[in-house]
Every structure is written in C-alpha cells, then in structure tokens.
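Chemist: Sequence:
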Amino acid sequence: MSLTGKQIAIIVTSTALGLVVVLFIGVNVAASFARRVLPSYAAVSETSQRLTDTNTQFPEIDCTPVEWRDDITRQKRYAEGLMSCLDEMWSPVVDKALDGGNLVTPHVDMRFYGDDAPILCGEGAEDYGVSFYCSRNRTIRIWTYDGFSELDLVRVATHEYGHHLQEAMGLHSQLSMLSRLEEDPWVVMLWTKRLEAQAECLSGVSANHILPNLAEESVMEDDIDIPGEDPEDTHPSQANNRMWFDRGMQDGLSSCDTWSAPESEIR
1 MSLTGKQIAI IVTSTALGLV VVLFIGVNVA ASFARRVLPS YAAVSETSQR
51 LTDTNTQFPE IDCTPVEWRD DITRQKRYAE GLMSCLDEMW SPVVDKALDG
101 GNLVTPHVDM RFYGDDAPIL CGEGAEDYGV SFYCSRNRTI RIWTYDGFSE
151 LDLVRVATHE YGHHLQEAMG LHSQLSMLSR LEEDPWVVML WTKRLEAQAE
201 CLSGVSANHI LPNLAEESVM EDDIDIPGED PEDTHPSQAN NRMWFDRGMQ
251 DGLSSCDTWS APESEIR
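Residue numbers (full-length UniProt numbering): 1 to 267.
Think of the hints as simulated: they come from the structure by calculation, not from any bench. Warning: the hint list may mix true and false statements.
Stated by the list, open to error - Here are the simulated distance ranges between beta carbons:
{"no.": "1", "residue 1": "D184", "residue 2": "S45", "range": "28 to 38 Å"}
{"no.": "2", "residue 1": "L98", "residue 2": "E60", "range": "36 to 46 Å"}
{"no.": "3", "residue 1": "M220", "residue 2": "T56", "range": "23 to 33 Å"}
{"no.": "4", "residue 1": "Q238", "residue 2": "W186", "range": "19 to 29 Å"}
{"no.": "5", "residue 1": "M189", "residue 2": "I119", "range": "31 to 41 Å"}
{"no.": "6", "residue 1": "W186", "residue 2": "S45", "range": "32 to 42 Å"}
{"no.": "7", "residue 1": "D71", "residue 2": "L181", "range": "40 to 50 Å"}
{"no.": "8", "residue 1": "R74", "residue 2": "Y41", "range": "42 to 52 Å"}
Note that the structure is predicted; figures quoted are calculated from it, not measured. From the three backbone atoms N, C-alpha and C, an ideal C-beta is built for every residue, glycine too.
Using the sequences plus the hints, can you model the full thing?
Modeler: Below is the structure:
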C-alpha cells in the first residue's frame, strides 16, 4: 500500500507533535523530580523550622552526671551521662518534628590532647585537638587537656549535641548536597556559619535546661574582648557565638532559627 503525500505529511506532523508532547512531559517530570529530590536553601530553612517552631515542652529532667574528676575515664562517663540527659530532653521534640522519628544516642570518643587518635570522619574532615561531631557515624570526639573543666565539657558536649540534632533532622545531608551544587565558596562558608550558629544556640537551650547553674556560669565567664571574625573560619565570630548561646539560654528554642537571621549575626 502506498501513501499519498498528504498522508505522509499527516504522519510526520503527528509524530513530531508526539515527540514534542513526550519531551514536554519529560521536562516536567524531571523538574518535578528535581524539586522533590534536589535541596534548596528554602528547604533547609523549612527543615530547621520543624525543629525550632514547636510548642512541644521539654520534660523535667534531674540531670546528675557522675562526680567531676580530673581524669579522662571519669570525664568520659560524665559526658555519656550528659548524652543521656540530652536524649531525654530532646526526644519528644525530635519525635514530633519527624512524626515519630527516633533520636539515637551519639557515641562519645574522648581523647587527651597530645595522644594519638584514630581518624573518625575521613582524611581532611577533622583537625587534631578540635572537638567535633561526625555525622556519618554519630560520634562526638571531645579533646580534653590539663585544666579541662566541668564547664568546658558542658559547653563542648552541648554544642556538638546540637550538631547531632541537626543530623537527626536531616539538615547535614541537605546542606552537604546543596553545598556541592553551589559554585560560590563564600556562600557555602556562610551556610556553614549558620549551621554552627544554630548549634551554639541549641547548646544554650540544652545547657540551660539540664544544668542551669553551669549555663549561667558559662555566660559570666565568656570572653568577648575580641569581637572580630576570621573570614576563613567556619564558625561565627566570638561575639556572635556568645550572642547565639545567650539567645538559646534566655529565649528558648524558637530563637534558634539562624537560617533567616541577617548575615551580620552569623559572621
């Protein structure tokens, strides 16, 4: 059977239209997929607000870690006691924010400054002597030293636990993916500063709830004589760090939305 020129034209036109429709549908499906899968700054902010914008009350907690002593074994037990208190404090909030999500207790890896320590989070991901939280294995490494005090441990532990909360909410993974898509390193640096500022605010909330006397002492001992910032530092300035800790301590969880704060407050 032979086709007329008109029939051939109809077939070609129909095929072309079909390809256009398929292409159009494909583009829309891809765009929809990107919106659902690829992170955005707005998505990071929304995730944060699920944690900070809550009316869930913290339970009353009698937090009594072991008696403080100047030896690393005892200090580790103290830190593990703090983790238990923090789990009890934050579980209702995280469970509600994640609609039944389970808050896993972070591991504590305590090391004395000067000793060898295995790499926890990969080459280049940690600096010797600097305490940190590793999201890949939910471990908090705390460096202790001669003169390391109970107050020092509480500040470090509650700050790193703040990062543990961010990990539980999915903030770390969202921000990590978003940072890989961003071409401007300064923008990525500012995002990291916002993450650190929030961890410091959550530290103030935590310390004030489980050990209010030590939290108050911490504020009185803070040194803010050097208010400047290092542009290369992933943390806010000393003055801004203190401001965020104070906000968390005085104003509570709702004050810890660092993702909508002006840049001047997180630099």
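Chemist: Holds or violated: the 40 to 50 Å window for the beta-carbon distance between D71 and L181?
Modeler: holds, 47 Å
Chemist: Regarding R74 and Y41, is the given constraint of 42 to 52 Å on their beta-carbon distance met?
Modeler: For Y41 against R74, whose Cβ atoms are near 43 Å apart, the range 42 to 52 Å holds.
Chemist: Does the Cβ pair L98, E60 satisfy 36 to 46 Å?
Modeler: violated, 23 Å
Chemist: Kindly confirm whether 23 to 33 Å is satisfied by the beta carbon distance between M220 and T56.
Modeler: Distance hint for M220, T56 holds at roughly 30 Å.
Chemist: Is it true that D184 and S45 lie within 28 to 38 Å of each other by Cβ?
Modeler: Given about 18 Å between the Cβ atoms, the range is violated.
Chemist: Determine whether the Cβ-Cβ distance between M189 and I119 falls within the hinted range of 31 to 41 Å.
Modeler: violated, 24 Å
Chemist: Is it true that W186 and S45 lie within 32 to 42 Å of each other by Cβ?
Modeler: Violated: the Cβ-Cβ distance is about 19 Å, outside 32 to 42 Å.
Chemist: How does the Cβ-Cβ distance of Q238 and W186 compare with 19 to 29 Å: does it lie in that range?
Modeler: holds, 20 Å
Of the numbered hints listed earlier, those contradicted by the structure are 1, 2, 5, 6.
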